[in-house]
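Asker: Fit chain V to the given chain X structure using the hints.
Each protein sequence line maps, in turn, to chains X and V.
Under the numbering used here, think of the first position of the first sequence as 177, with each following residue one higher.
Under the numbering used here, think of the first position of the second sequence as 177, with each following residue one higher.
In case anyone wonders, no lab produced these hints; they're calculated from the structure.
Possibly wrong hints are sitting among the right ones.
When chains are identical, the list treats them as one kind, so a pair holds in a single copy or across two.
Said to hold, decoys possible - With a cut-off of at most 30 angstroms between alpha-carbon atoms, the simulated DSS-like pairs for lysine-lysine come out as follows:
#, residue 1, residue 2
1, K188, K223
2, K223, K184
3, K223, K180
2 protein chains.
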Amino acid sequence: MDIKQIAKDTAKMLQSYLTYQAVRTVSAQINETNPYVAAWLHRFSTKERIQDGEVYIEQLFLEKPELALRIMTVRQHLAEEMTEFLPEMVSTGIMQANMEHRRQHLERITQLDLSNPSIQESESNSADSSSYETPSENS
Amino acid sequence: MDIKQIAKDTAKMLQSYLTYQAVRTVSAQINETNPYVAAWLHRFSTKERIQDGEVYIEQLFLEKPELALRIMTVRQHLAEEMTEFLPEMVSTGIMQANMEHRRQHLERITQLDLSNPSIQESESNSADSSSYETPSENS
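This is chain X alone, in the form it adopts within the complex (with noise of 0.2 angstroms):
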């Protein structure tokens, strides 16, 4: 697997989601002191143009530069607030998640055993049987 590059992408998208959130923050501020800059923020963050943060800020400096300068402000201020307590939340998130999706399976197949043990049989036969692997050995 390779880590190098999976959290390059990730930092992308993490960077163009914060760009999203930057407009959506920005986008409620001003709808207060001036909505009809607002609704055309609005228009112009088309779920497709937003996709790419950089083309995004790109676009909009054509368009209305103080507007991409606000944003652009705004993100960088919530990468900065993000980046001490993110980490800790996805690590806990995932693990949490994990513990209970395992543990629903588990009583899932203790019912299962109990009524029909069959199915459990047939269902470890029909998949990769080297599929309980730790990932690190195929990389």
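Answerer: Coordinates of chain V only, in the frame set by chain X:
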């Protein structure tokens, strides 16, 4: 701006994204050992399904629990590996991108000023006049 809510949303999105990256990793691994199961996983992993990582894992557990377990292991591993350098990467990425956008903008307005100074003026009139304020003042 509601930093806490944005952090929560970002963590949830990142959790789903790492699940998606784990699916890609596992898919590439079993493609070598068991192309049949890899093809099945590819069909199962539709864009709609993978949008929410937890729903995806839950549904996969019902079909092929050993694949769900393997993907869960990989995503936890990814989360642990990422946390170390991801925040730095995103912060630096945004800072550099912002600098580059500002540089391009500066270049553009300098050129505009030389060729047609009136464009700048009419542009700033049509936009929200308060948009140069820092975002923290409104939140």
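Asker: List in ascending order the numbers of the hints, as given earlier, that are violated by the structure.
Answerer: none
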